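Construct the entire structure; sequences and hints are all you get.
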Amino acid sequence: MYRAHSLLEGIPFLVIGVSVLVVALAFLWPAPTEFPMDDTYIHFVYARNLAEYGKLMFNFPTEKGVGTSSPLWVLLLAGGYAAGIPLHLVAKALGIGALIIVGAALYLLLRPLWGAVASLGAALAVVLSGPMLWFSLSGMETTLFLALGLLALLAYRAGRWLPMGLLLGLLALTRPEGLALALAVGLAEIVHQRRIPRHLIWTGLLCGIVVAPWFLYLYLRTGHILPTSGLSKHVTITMGIRLVASQNPILDVVTRFAPLTYTGLWVVYLVEFVLGGMTLPPPRLPVGALFGAPHYTLSLWAVFGLVGMAGPLLWAARRAWRVRRWPCLLQDPIRRPWVVFLVWIVFHNLCYIAFLPTPGTASRYGAVNHIALWLGLVSGLRAFAHRPRLQQVWMVGLVLLLVANGIYWNSVYDANLEHMQNVRIAAARFVREHVPPNELCAAFDIGAVRFYGERPIIDLYGLVDPEVGDWFYRGEMDRYLMAKNVRCLVLPDRPGTTEDGWFDLGTMLELTTSPLFTPYQLALFEIRPDRWLQGYLPTMNYQSAVTVYRLLPVQSQRHPGDS
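Residue numbers for the sequence shown follow this note's numbering, beginning at 14 and rising by one.
FYI, nobody ran anything at the bench for these hints, they're computed from the structure.
Treat each hint with caution, since some may be false.
[To be verified] Here are the simulated lysine-lysine pairs, DSSO-like style, with alpha carbons at most 27 Å apart: (1) K77 with K497; (2) K68 with K497; (3) K105 with K68.
[As the list claims (entries may be wrong)] Label pairs and their calculated CB-CB ranges: (4) K68 with P542: 38 to 48 Å; (5) I238 with I347: 35 to 45 Å; (6) T75 with A306: 37 to 47 Å; (7) N498 with F317: 55 to 65 Å; (8) G92 with M495: 35 to 45 Å; (9) I250 with H205: 35 to 45 Å; (10) A225 with R331: 31 to 41 Å.
Predicted model, so just to flag it, every value in this text is computed and none were measured.
Note that beta-carbon positions come from the ideal geometry of N, C-alpha and C, so glycine has one too.
See below:
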């Protein structure tokens with residue numbers, strides 16, 4: 014009898030695991046060994062160098078900058094690589110495995126509250142949504158971050174304070190904003206206990222012991238407590254938003270207020286790429302034209318879905334979890350972790366409003382918001398149990414939305430891989446094969462060109478080289494290239510156009526018009542515009558082309574083909 018009961022208890026976890034594996038394999042079908050974004054290969058370079066040389070470096074042992082904000086992810090990749098497992102297999106296995114843990118943890122957290130069936134349905138909705146599958150296969154730390162956070166909430170519910178302290182420390186080593194969950198737990202426990210309990214102090218000390226060495230290392234190496242990659246993205250994202258906003262009067266007003274900018278970006282993103290705006294079929298409304306982005310449209314079916322399904326469901330969920338009830342809900346040990354979860358979401362998003370007001374590539378910076386959205390939809394669905402027919406119609410609608418979501422994001426993933434293989438990786442292999450190894454190359458997107466180019470790359474984005482920021486602010490990026498003796502330049506654009514992105518970096522930074530050198534185009538790599546748009550619109554991650562230049566200083570003008 015006990016054995017049969019144990020088998021039944023394990024069925025939901027089996028369903029979650031098998032479902033994630035089957036759908037993930039469908040996503041992986043076209044190119045199982047590659048990844049949809051360039052940042053993945055930055056982690057790969059750090060992991061490979063750590064395994065081979067025992068140093069956290071991108072190019073050289075003496076470099077000052079640190080281009081990874083996830084030391085735990087790098088350590089896990091390096092461990093697998095040192096054990097003889099290819100990096101792509103380690104990254105895919107970790108990402109998929111972490112997503113399965115996310116589903117299992119959600120089920121365990123929800124089951125005492127909603128029962129087995131609704132909890133399983135909610136967990137499946139989260140882990141099978143298109144963006145979550147994309148995150149798990151991106152080669153980045155996103156699903157590991159979510160898995161550790163939810164495991165910490167399980168430990169919190171069970172009153173296992175030391176394991177929770179360890180998990181919170183690991184969460185912050187996965188991404189530094191993981192400390193937002195530690196703060197949420199501390200605040201909730203103080204409000205619940207009306208004092209600072211001793212177990213909370215010990216938990217905080219253990220979390221601090223785990224994370225302190227990393228932040229101390231960063232400070233001693235870079236002079237900052239955050240990686241230079243994070244600082245660089247803060248500057249470039251802020252400037253990028255201002256440049257884009259300057260091209261449209263509506264955006265110019267909105268982007269003057271960071272909370273409004275961030276909230277607006279998230280609302281638009283979720284409507285377009287989760288709730289059906291771009292994922293459902295035509296007819297479409299050209300809503301993006303108002304903001305100078307005509308490729309962004311809104312399916313008329315999504316309008317019906319927002320008004321007739323998603324809106325009422327989220328409103329019902331809001332009433333059940335409104336803020337004024339949180340102090341009361343903290344007294345319930347079953348609901349207490351969910352109050353912490355909601356506070357975590359608030360703190361997490363406040364961190365990004367203050368420091369990096371953008372959803373990030375494919376919205377990965379706020380992946381926890383996707384969990385909140387789907388749980389909100391399911392919570393709202395449960396609130397209509399007194400109207401079973403309407404509840405059934407909406408349940409079918411949510412399933413159809415989830416299926417459309419998955420199909421769309423599968424096509425996005427395929428387009429991302431096509432771009433990486435035929436543009437970024439192809440350019441890297443060209444550099445490796447056609448540029449003399451003693452000549453330095455520079456690039457803005459440094460991951461794939463460093464990993465596949467198998468040579469040091471001068472970083473123009475400031476992720477690993479904080480020195481570039483001073484030259485950028487002085488408007489002397491061309492002088493920076495000459496100071497570094499760069500003879501090869503890899504730019505993410507086609508010369509003289511902004512048709513495939515917001516910026517023409519070469520012209521804007523005077524890298525293709527500098528009086529100090531003449532750029533000769535060696536190669537241009539691009540994919541079809543429609544395939545580029547398919548992958549670009551929901552990720553905002555890359556321009557359609559990469560151009561490789563040979564730079565000849567003015568004092569030694571000679572065409573690269575001359576002997």
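The hints, checked one at a time:
The straight-line distance between the Cα atoms of K77 and K497 is roughly 15 Å, inside the 27 Å bound, and the hint therefore holds. Taking the CA atoms of K68 and K497, the gap is near 23 Å; set against the 27 Å cutoff, the hint holds. Between K105 and K68 the CA atoms are separated by roughly 24 Å; this keeps the pair inside 27 Å, and the hint holds. The supplied range of 38 to 48 Å is met by K68 and P542, whose beta-carbon atoms lie about 42 Å from each other.
Against the hinted window of 35 to 45 Å, the Cβ-Cβ separation of I238 and I347 comes to about 37 Å, which satisfies the hint. The given range of 37 to 47 Å is respected by T75 and A306, whose C-beta atoms sit roughly 43 Å from each other. At about 60 Å, the beta-carbon gap between N498 and F317 stays in the expected band of 55 to 65 Å. Checked against the given bound of 35 to 45 Å, the beta carbons of G92 and M495, roughly 41 Å apart, stay inside it.
Evaluation of the 35 to 45 Å hint for I250 and H205 yields a pass: the beta carbon distance comes to about 37 Å. Judged by the Cβ atoms, the range 31 to 41 Å given for A225 and R331 holds: they are separated by roughly 39 Å.
In this structure, none of the earlier numbered hints is contradicted; all agree with it.
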